[in-house]
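Asks: Sequence:
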Amino acid sequence: MPGLFRQMRTIVDKHKEQVTFAGAASTLSGYVIRIAAGAGVGLADAGHTWALQRDDVLAVPLAEEEHITTFVLHKHQRFGIAEPLQRFLAHIRTLS
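The sequence shown finishes on residue 96 if you use this note's numbering, and the numbering steps up by one all the way, no holes.
To be clear, the hints were calculated from the coordinates, so they are not data collected in a lab. Just so you know, not all the hints are guaranteed correct.
What the hints assert, rightly or not - Pairwise CB distance ranges, derived in the manner of DEER restraints:
1) F79 <-> R54: 41 to 47 Å
2) F88 <-> Q53: 20 to 26 Å
3) A82 <-> G38: 16 to 22 Å
4) T69 <-> T27: 20 to 26 Å
5) G40 <-> F88: 29 to 35 Å
Given the structure is predicted, the values throughout are model-derived calculations rather than measurements. Backbone N, C-alpha and C define an ideal beta-carbon position, used for all residues, glycine too.
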């Protein structure tokens, strides 16, 4: 998630001059566990925040709307795009 990290760091840097990034988690669940343990605060998009809800973690929306770009990378298939990926792309198009 280096691209996502870079985008989220840009969002954080806009709102605070000095931010210390103490560490990163390799999985989303590991990220939430660190926050729940009191190791710091985190920044996540709405979909991941909803999917990883916990009673011991408070999710607060940003005061200003922000946008994060998501790229879909897939292996080129000889016979075109696989059906599951076609469905995913069709779903994403309905969101924008």
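Asks: A separate judgement is required for each hint: does it hold in the structure or not?
Replies: Status of the hints after comparison with the structure:
Hint check: F79 to R54, Cβ distance near 42 Å, so the stated range 41 to 47 Å holds. Take F88 and Q53: their Cβ atoms lie about 23 Å apart, and the range 20 to 26 Å holds. Separation of A82 from G38 is about 42 Å and departs from the stated range, judged on CB atoms against 16 to 22 Å. The beta-carbon spacing between T69 and T27, approximately 21 Å, falls within the hinted interval of 20 to 26 Å.
Remark: the range hint 29 to 35 Å for G40 to F88 is upheld by a beta-carbon distance near 32 Å.
Violation of the numbered hints given earlier is confined to hint 3; every other hint is satisfied by the structure.
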